[in-house]
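Construct the complete structure from the given sequences, taking the supplied hints into account.
Here the protein sequences come in this chain order: A and B. Once you know that position 130 of the first sequence is 130 in the working numbering, the rest is easy, because the numbers rise by one and skip nothing. Once you know that position 147 of the second sequence is 147 in the working numbering, the rest is easy, because the numbers rise by one and skip nothing.
Simulated from the structure, these hints should not be mistaken for laboratory data. There may be inaccurate statements among the hints.
Claimed, not checked - Where chain A lies over chain B, by a calculated footprint (3+ residues, C-beta under 8 Å):
#, segment
1, 210-223
2, 269-275
Stated by the list, open to error - Straight-line C-alpha distance at most 30 Å; calculated DSBU-like pairs for lysine-lysine:
#, chain 1, residue 1, chain 2, residue 2
3, B, Lys-235, A, Lys-263
4, B, Lys-263, A, Lys-235
5, A, Lys-255, B, Lys-278
6, B, Lys-18, A, Lys-18
7, B, Lys-263, A, Lys-255
8, B, Lys-263, A, Lys-278
9, B, Lys-263, A, Lys-263
10, B, Lys-278, A, Lys-263
Beta carbons are placed, not taken as given, at the ideal position from N, Cα and C, and that holds for glycine.
Protein chains: 2
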Amino acid sequence: MDLWFTERYPQGWGITFKIERSLYSGKSRYQRIDVLETAGHGRLLVIDGCVMFTEADEFVYHEMLTHVPLFSHPNPKRVLVIGGGDGGAVREIVRHSCVEEVVLVDIDEDVIKVSREFFPSVSCELDNPKVQVLAEDGVRYLESCPPKSFDIILVDSTDPVGPAVGLFEKPFFEKCFRALKRDGIMAAQSGSPYFQLDLVGRVHRTVAQVFPAVRTYIAGTPSYGGLWTFVIGSKNGDPAQGPIREDQLAVSDLKYYNYEVHKGAFALPNYILREIGKQEK
Amino acid sequence: MDLWFTERYPQGWGITFKIERSLYSGKSRYQRIDVLETAGHGRLLVIDGCVMFTEADEFVYHEMLTHVPLFSHPNPKRVLVIGGGDGGAVREIVRHSCVEEVVLVDIDEDVIKVSREFFPSVSCELDNPKVQVLAEDGVRYLESCPPKSFDIILVDSTDPVGPAVGLFEKPFFEKCFRALKRDGIMAAQSGSPYFQLDLVGRVHRTVAQVFPAVRTYIAGTPSYGGLWTFVIGSKNGDPAQGPIREDQLAVSDLKYYNYEVHKGAFALPNYILREIGKQEK
Chain A
1 MDLWFTERYP QGWGITFKIE RSLYSGKSRY QRIDVLETAG HGRLLVIDGC VMFTEADEFV
61 YHEMLTHVPL FSHPNPKRVL VIGGGDGGAV REIVRHSCVE EVVLVDIDED VIKVSREFFP
121 SVSCELDNPK VQVLAEDGVR YLESCPPKSF DIILVDSTDP VGPAVGLFEK PFFEKCFRAL
181 KRDGIMAAQS GSPYFQLDLV GRVHRTVAQV FPAVRTYIAG TPSYGGLWTF VIGSKNGDPA
241 QGPIREDQLA VSDLKYYNYE VHKGAFALPN YILREIGKQE K
Chain B
1 MDLWFTERYP QGWGITFKIE RSLYSGKSRY QRIDVLETAG HGRLLVIDGC VMFTEADEFV
61 YHEMLTHVPL FSHPNPKRVL VIGGGDGGAV REIVRHSCVE EVVLVDIDED VIKVSREFFP
121 SVSCELDNPK VQVLAEDGVR YLESCPPKSF DIILVDSTDP VGPAVGLFEK PFFEKCFRAL
181 KRDGIMAAQS GSPYFQLDLV GRVHRTVAQV FPAVRTYIAG TPSYGGLWTF VIGSKNGDPA
241 QGPIREDQLA VSDLKYYNYE VHKGAFALPN YILREIGKQE K
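Structure, rendered in C-alpha cells:
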C-alpha cells in the first residue's frame, strides 16, 4: 500500500511523508494526536494535522531552541519550558552541566504520555532527577510563580491556534519577563518565514515591547517546510554576539548547533529583516 | 479541480504544490520541461519531474549562487555561467556594475526559450548587451576557451543525472580552474543537505582537490525542500571571510543576500561539517 501523509500549508503547498503505518491516534482534552511510522524519517508526531517533528530531524529544532539561549547566558541554573511535553527541549537542556533544575509545564498530559511511549529518544530525560514535569496551563504557572524564578524560559509551543494562541501575545511575554531573573533570557519558536512571515514579524515586535534586547534567528528544519524562526528576548546583552560560555562537552554531542552556527543563525535574509522592521546591512 | 504536483525525494518524502493549470509541456533533446501555474508560488519550472524553481522563491537560489562569489572577488569583470539557461543567475550578475561581460552556456536551448516565454522576470537580462547566450555543451566550451579567461564561473546545473552528471566530477572542476584568472572564483550548486548529503560531501572534497580554498555554504530554499548547499572554490582568499567589496546599490535591491547573510551562510551545522570532513567549532 502506498500511503502518504501530507501537511498542506496555506498558499497551496505542503510537505509529504511516505507512511508505513499508524502507531497511535487519539484525542486529548485539547487536541488530536497521531503517531505515524514513516518510511524514511522514523516516527512522526502529528498534532491537529500539523507535523510536530520526525525522529530524523527533531534535533534541529530542539537544539536550536535550547542551545542558543543557554549558551547566551553566563550561568543558567533554573530553566522553565512551557509546552514541549515531548521532552526534546529538556533532553538538550540537561546537557548543560551548570543547569540544576528544569521545570516542564505542558497543558496536555497526553502529549507527555505519547512521547514517553512512542518517542523514547526524545523523552529520555523526562525522568532525570533535575527535571520536574507538570501537566498544567503554562500561563497560570507563570502567574503563580514568584518573580525572578528562572534564568531561562523556553516557549516550545504548537502553532498559534487552539491552546497555544495566548503564547504569542504581549501579556504572556510580560509574564515571562517577570518570572526571569536579572540576566534572564526567553526564547520561543516564532513560526515559518515561508508560510507565517507575518507571525514572525508580529512576534518579534511584540517581544521587543517587553525585553530590552530582542533578536530573531533561524534554523534549517526539513520537516517544517525547510526554515524556522525563533525569537529571543534578553534582559542583559545581545545573544547574537555568540556564545559567552564554553561547554565543549555539550557541543561535541550535537548534530546541528555549534558556536559558528549560533552566530550565523542571526544573519537574517532581507525579506525577514524587512518584515521585522530592521534594515539590511 | 484539486490538482497537486508532488516531487518525491528519496527517503520517502517530498514537496507538493497546488496547481492551477499546465502552461507548457515539452521534450527537448535532453530532458522533459514543464511549466505549471501554481496557486500560491507563481509559475513553476519542472525539468524531468524535478522542481527547478518557482517565481515566488527563485530569488533565494539565484541571489546566493551569484552574490556570494561576486562579492568575494575584488573586481569581477568577466563571468561565465554554465547551465542556468533560465537567466536567473545572469539577472543577478548584471546588478554588479563592475561586470563587463557575461557568457551563458546552457546545453539545452529549449530551457532558454521556455524561460524567455514563460518567466520574463527571471530571463529579463538575457538580452542585456553585456550578455552572450550560447546553447552548447558547457564542458566543451570550457575546453575550447583560452586559459585564464574568466574572473568568476558559476555552475548552475540540474541534479547530477542526465546531461549534468559530468558537472559534479573532478575533470570538470579542473577545467573551471584552468579557465579562471589568477584571483578567480568558482561557485556551484552542490545539492540538498537533507536528501543528497553524500553528494554535498563528495562535491566539497572533489573541489578541495582542485582549488586551494574551498568552502560549502547554505541558503534556505523552500521549493527545494528547505535548505540548499553551494560549493565555492577560490584561487585566492577565503570567501567565508565575508564580502570584500561594497556595492550598496546591488544589495539594496535584493530579497535574500546581505553582508551578514554572506558570512552566516558559511556557518554549517555539525551534520554537514562531519559529512564534508571538517570539525565543528
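Structure-based check of all given hints:
1. 210-223: Coverage by chain A holds here, the residue count being 4 at a Cβ distance below 8 Å.
2. 269-275: It holds, with 4 qualifying residues against the three required.
3. Lys-235/B - Lys-263/A: holds, 27 Å
4. Lys-263/B - Lys-235/A: holds, 27 Å
5. Lys-255/A - Lys-278/B: holds, 13 Å
6. Lys-18/B - Lys-18/A: holds, 19 Å
7. Lys-263/B - Lys-255/A: holds, 21 Å
8. Lys-263/B - Lys-278/A: Given pair Lys-263/B, Lys-278/A holds - Cα atoms ~18 Å apart, limit 30 Å.
9. Lys-263/B - Lys-263/A: holds, 10 Å
10. Lys-278/B - Lys-263/A: holds, 18 Å
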